[in-house]
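Which chain is which? The protein sequence lines are P and H, in order.
At position 45 of the first sequence (counting the first as 1) the number is 45 in my numbering, and the numbers step up by one without a gap.
At position 101 of the second sequence (counting the first as 1) the number is 101 in my numbering, and the numbers step up by one without a gap.
Calculated from the structure, these hints are not laboratory results.
C-beta atoms are modelled at their ideal positions from N, C-alpha and C, and glycine is treated no differently.
Where hints are given, some of them may not hold.
[To be verified] Listed next, the in silico BS3-like pairs over lysine-lysine satisfying Cα-Cα at most 25 Å (straight line):
{"id": "1", "chain 1": "H", "residue 1": "Lys229", "chain 2": "P", "residue 2": "Lys27"}
{"id": "2", "chain 1": "P", "residue 1": "Lys3", "chain 2": "P", "residue 2": "Lys49"}
{"id": "3", "chain 1": "P", "residue 1": "Lys18", "chain 2": "H", "residue 2": "Lys78"}
[Said to hold, decoys possible] Residues of chain H placed beyond 10 Å of chain P at every Cβ, according to the derived structure:
{"id": "4", "residue": "Ala23"}
{"id": "5", "residue": "Ala224"}
{"id": "6", "residue": "Gln239"}
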Amino acid sequence: MQKTIEWFYHENYSLVYKMTGSHKLSKENTLDAYSDSITAFVENIRTLKFRGDSKCSTYFIRIFNNKCVDILRKKTTNRINENTIFLDDMKTEPILTNINEDQEDFSGFLEQLSEVCREVLMDWSDGYSMDDIAERNGLKNAHTARSKRYNCFQQLMEMLQKQNIVKPNPNVITDGE
Amino acid sequence: MENSFDHIERYFNGTLSLDEVTAFEKRRLTDKDFDNEVNLYQQANKVVRAGARNRMKQKLDEIGKQQEAFTMVETFVKYRSIRKYWYAAASILVLIGLSYLGWNRMVPRNSVTTIAGLYDRYYENPGIDRVIVRSSEEGNIELNWNSALEKYSRQDYEGALTIFKSLLADTLFTYTSTAHFYAGVSFLNLNLPDSAITHFNRVSVSSSFAQDALWYTGLGYLKAGNTTKAAEIFEIIKQSEYNFKKKEVKEILKSISRLE
Numbered sequence: 001m002q003k004t005i006e007w008f009y010h011e012n013y014s015l016v017y018k019m020t021g022s023h024k025l026s027k028e029n030t031l032d033a034y035s036d037s038i039t040a041f042v043e044n045i046r047t048l049k050f051r052g053d054s055k056c057s058t059y060f061i062r063i064f065n066n067k068c069v070d071i072l073r074k075k076t077t078n079r080i081n082e083n084t085i086f087l088d089d090m091k092t093e094p095i096l097t098n099i100n101e102d103q104e105d106f107s108g109f110l111e112q113l114s115e116v117c118r119e120v121l122m123d124w125s126d127g128y129s130m131d132d133i134a135e136r137n138g139l140k141n142a143h144t145a146r147s148k149r150y151n152c153f154q155q156l157m158e159m160l161q162k163q164n165i166v167k168p169n170p171n172v173i174t175d176g177e
Numbered sequence: 001m002e003n004s005f006d007h008i009e010r011y012f013n014g015t016l017s018l019d020e021v022t023a024f025e026k027r028r029l030t031d032k033d034f035d036n037e038v039n040l041y042q043q044a045n046k047v048v049r050a051g052a053r054n055r056m057k058q059k060l061d062e063i064g065k066q067q068e069a070f071t072m073v074e075t076f077v078k079y080r081s082i083r084k085y086w087y088a089a090a091s092i093l094v095l096i097g098l099s100y101l102g103w104n105r106m107v108p109r110n111s112v113t114t115i116a117g118l119y120d121r122y123y124e125n126p127g128i129d130r131v132i133v134r135s136s137e138e139g140n141i142e143l144n145w146n147s148a149l150e151k152y153s154r155q156d157y158e159g160a161l162t163i164f165k166s167l168l169a170d171t172l173f174t175y176t177s178t179a180h181f182y183a184g185v186s187f188l189n190l191n192l193p194d195s196a197i198t199h200f201n202r203v204s205v206s207s208s209f210a211q212d213a214l215w216y217t218g219l220g221y222l223k224a225g226n227t228t229k230a231a232e233i234f235e236i237i238k239q240s241e242y243n244f245k246k247k248e249v250k251e252i253l254k255s256i257s258r259l260e
């Protein structure tokens with residue numbers, strides 16, 4: 001999986017030059033957009049958001065182009081904001097914007113787990129087989145990897161429960177509560 | 001708990017049967033703890049997924065940095081090799097240029113190292129085939145004329161000159177331009193260029209020997225070592241509308257400028 005993504009990265013690297021030229025972005029920004037695009041592309045394939053209506057390459061270029069446009073927009077907005085002082089900003093503390101659920105910062109929860117736990121869970125999420133997970137993380141065998149993954153996942157769920165961030169389902173029928 | 005976990009996982013993986021799915025969803029609506037567990041599973045999954053995405057992004061950024069470094073090195077190497085080739089090409093061009101200049105200086109085309117050499121290259125003894133040989137029955141002048149030409153053709157220039165002079169002194173002699181021309185050539189062959197030039201100057205401009213006389217005058221000055229006068233004469237030939245020695249004159253002028 002990782003090898004395939006690396007291959008894909010190198011194979012389409014020339015697009016970085018094209019986008020840098022066409023959007024007049026810095027190389028650094030384009031590279032950032034490029035790795036973001038590959039991550040999003042892989043994610044969309046995994047979650048079946050990519051239905052195969054267009055060619056893979058076309059689909060990827062569209063994602064990459066959109067990412068570059070996003071950066072451009074952000075830059076333009078920053079430039080406007082740099083020169084503008086809003087009254088609200090002067091009166092109050094900066095208000096946290098509503099973060100999209102997909103973009104929530106969950107890194108804190110994972111950081112609380114051990115390194116092996118983190119890696120096992122992320123490997124599983126990336127679609128590695130239990131044998132591969134065992135090999136990658138120095139575990140005895142697939143069975144150990146499966147147990148490890150279960151325990152780590154339970155730890156994470158407990159953490160989330162303690163933090164009480166899971167919203168209750170409003171459709172659940174309760175006994176008069 | 002493990003069974004329940006496995007059940008939830010199978011639900012999200014889509015490996016439950018239709019009946020099991022219906023039962024699962026029904027249970028979610030009635031069992032608050034179970035629903036909470038399902039929500040926790042979903043949330044935990046999101047956390048892991050986000051972590052995996054971040055990990056992938058970091059790895060890709062690292063690859064990007066490596067690729068950038070590689071590209072920079074590659075560009076540098078390419079630039080260096082191109083520059084190396086440019087230097088080689090420039091060196092070859094400079095060498096060719098210098099060799100050409102050196103060769104031209106050392107071995108110039110049609111190179112003649114001395115004035116005498118230049119004279120020898122271009123001097124040709126004119127024949128007598130253009131001269132009308134008169135019948136000996138016509139008189140004394142014709143006899144002498146024929147005798148002078150005969151001596152000239154036998155390269156007895158002194159003998160020929162004696163007769164040419166006596167003929168030129170005779171007022172009845174009519175081929176004066178021709179006699180002056182051959183007398184001049186005879187003087188050239190006797191290494192007396194100044195006398196030769198005097199005779200060539202006396203050849204009439206309307207004579208058929210006028211062009212030849214001018215050419216040999218130039219050669220006469222060359223033999224006398226007077227390249228300036230020789231060049232002046234050759235320049236006149238070069239500027240003239242038509243002259244049978246125009247091509248030679250261009251070459252000889254170049255050679256004279258090199259000798260100077």
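Report task. Could you tell me which of the numbered hints above are not met by this structure, giving the numbers in increasing order? Result -> Hint 1 alone not satisfied by this model.
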